[in-house]
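Given next are the chains, with one letter for each unit.
Number of protein chains: 2
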Amino acid sequence: MGVNLKDIAQRAGVSLATVSNVVNGYRPVGERTRQRVQQAIDELGYSPNLGARHLRRGRTGLIALAVPELTNPYFAELAEIAISEAAALGYTLVMENTAAQREAELALLDGSRQRVIDGLILSPVRVGRKEVLARTAGSPLVLIGEGVYDVPHDHIAIDNVAASHAAIRHLVAIGRRRIAFIGATPGGDRQSAHLRVRGYREALAAAGLPYRPRLVARTDAFGRLDGMRAMRDLLALGDPPDAVFGYNDLIAIGALRALAEAGHRVPEDVAVVGIDDIEEGRFTAPTLTTIAPDKREIGRLAVRRLVARIEGAEVEGPLTVQTPFRLLRRESTGTPDA
Amino acid sequence: MGVNLKDIAQRAGVSLATVSNVVNGYRPVGERTRQRVQQAIDELGYSPNLGARHLRRGRTGLIALAVPELTNPYFAELAEIAISEAAALGYTLVMENTAAQREAELALLDGSRQRVIDGLILSPVRVGRKEVLARTAGSPLVLIGEGVYDVPHDHIAIDNVAASHAAIRHLVAIGRRRIAFIGATPGGDRQSAHLRVRGYREALAAAGLPYRPRLVARTDAFGRLDGMRAMRDLLALGDPPDAVFGYNDLIAIGALRALAEAGHRVPEDVAVVGIDDIEEGRFTAPTLTTIAPDKREIGRLAVRRLVARIEGAEVEGPLTVQTPFRLLRRESTGTPDA
DNA sequence: TTGAAAGCGCTAACAC
DNA sequence: GTGTTAGCGCTTTCAA
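Sequence lines, in order, name chains A and B. Going left to right, the first sequence walks through residues 0 to 337 as numbering that gives the first Met the number 0 numbers them. Going left to right, the second sequence walks through residues 0 to 337 as numbering that gives the first Met the number 0 numbers them.
Just so you know, these hints were derived from the structure itself, not from any lab. Treat the hints with caution; some may be incorrect.
Copies of the same chain look alike in the list, so a pair counts if it works inside one copy or between any two.
Quick list of in silico lysine to any residue cross-link-like pairs, SDA-like style, CA-CA up to 25 Å [what the hints assert, rightly or not]:
hint	residue 1	residue 2
1	Lys5	Gly207
2	Lys294	Ala220
3	Lys5	Asp109
4	Lys129	Glu42
5	Lys129	Gly44
6	Lys5	Ala136
7	Lys294	Glu76
8	Lys294	Ala284
With the hints as extra help, turn the sequences into a complete structure.
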């Protein structure tokens, strides 16, 4: 249907190769020839058939970003950044939704889809080191977020333990003593949940506060509903917490809701902190204090690393990059930043 | 790099065509032969090169979903549905973010990208009938959401006017008289904003209430921040509203925030209604009354229509499909559903 | 500086 | 039921 190289070559009275060279600049073309070709291209409205180009080059120009839940604003915000970065580098980004399913993550790793995409950015939650190592697909892989360590792939993440420390230190600094954590995982999954719990425990210890297992609430998933339910359970304890640190902002927002329903004041009765800095947290009542990862940095770095690997470029620096984060104090801990 | 048809053919001692037939079922293959081929496929770990297949078939297997903002949960939720529906039909869905930019929408319509994708689902906000008609790209187009009418393309949307009616009727029914609208557009863009304003005016008239232009707040964009600012302005009026209808849930949530900051009670002083039924609205304090479009229906229908067009199937029924919606009463209008 | 031509891996029309 | 083969549109080597 479309106009192709041959049409242009005929119209301009040159060979296919010459047209290709005008389009790709693979080797020099005489000025007059180039003009004739360019004119033909403009007149006929040619644009290359990327499928054919990719077949020839052995690449598709597609990279995938696989996230456990697209409806988590954190991933939506990350996706928006990654999409534009990929476009800037001449790649098209395909979104995959693993729905936090182990099979979906394995399928991605093992490349049932892999023949179509040149590389994969994966936020793993149900697979670990072993599964990543067992990967057979040959295309580059960049891991983001969760903690699958000691694998021969690029990995972009914040320092989860340090992030927890920062959150807990803040809560301790405003005088809280019974600090709960919501979002521990039942199984061995969600490495980052383990890391965040570890940071929580370490920070409690550093502050001289006791670790109370009953204040660590497990959840099956990591959405608002999970946070709300867990908070209700915590409030039902004989001696409820005076602060809550959520695995992520959605959980913290769910906790805010449960607290409001139960008539507790935030932050007076209970202070709340999350992680992710999703926009929603700036509009809750009260606004949500959070640990803000540098999403722009994560999204851009992940795409750039992946593309560099695909194109065989040298990548300097270590495989694992820890991106910075900041504590954003807002109303839910009573001490908004300026 | 990968294993290809030829490798399998050699291994199994058959021709390329036979292997292709085993894989695609284009024509029958003898049972014994099929087994030998299947064994070779399993042993060598073959999976077809989709690029080559698509080149041959003249299709890429890619469809695009272009939305004005991926970080609007409405679109994220819609995308999640569309991605899985596309996968079920054997297509891969590519997300495009137009960022509500006219140029981005035009580029999509006119197919600078079009050679790679088999079809496009577009939520237009800055282009109208004329631009859609001027489209040169030949691949199928399905419009969702906004009101670009009288064009020869499938269009899936809710009845915006009727949705407004439902919202306003509800507010009138609970005794509100000074009902504001937030999210009118300055220029000629966002057809749906015009339609929603029209529904608002019609419903006011039907209820015998005066139309007060000062209660219609314009916004540049349609996020939480826009809603918050507009609400602040409305509150600064000599005679502020006793109810607010937001163009969408994000705007309504921004309005909630402004009301909370100003110390107004919702719904006692001001009732609030949005449109979209994003999950966030179930967790705000108070929870948000909203008009809930059937996102699942919209997402699935859009993908199915598009695929049907791509594959040249007969599509019955009219081009424009209006999907159902429901009013979900929650705390922000004081009368939660059961 | 330009042209001719060999495929990339696959499908489908045409043979047998 | 199976094999042979001509391309899909493009890039890139080899020649001129």
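We went through each hint and held it up to the structure:
{"no.": "1", "hint": "Lys5 <-> Gly207", "result": "neither (76 Å within a copy, 68 Å between copies)"}
{"no.": "2", "hint": "Lys294 <-> Ala220", "result": "both (22 Å within a copy, 22 Å between copies)"}
{"no.": "3", "hint": "Lys5 <-> Asp109", "result": "between (39 Å within a copy, 22 Å between copies)"}
{"no.": "4", "hint": "Lys129 <-> Glu42", "result": "between (56 Å within a copy, 23 Å between copies)"}
{"no.": "5", "hint": "Lys129 <-> Gly44", "result": "between (50 Å within a copy, 21 Å between copies)"}
{"no.": "6", "hint": "Lys5 <-> Ala136", "result": "between (36 Å within a copy, 20 Å between copies)"}
{"no.": "7", "hint": "Lys294 <-> Glu76", "result": "both (8 Å within a copy, 20 Å between copies)"}
{"no.": "8", "hint": "Lys294 <-> Ala284", "result": "within (24 Å within a copy, 27 Å between copies)"}
The earlier numbered hint that this structure contradicts is number 1, and it is the only one.
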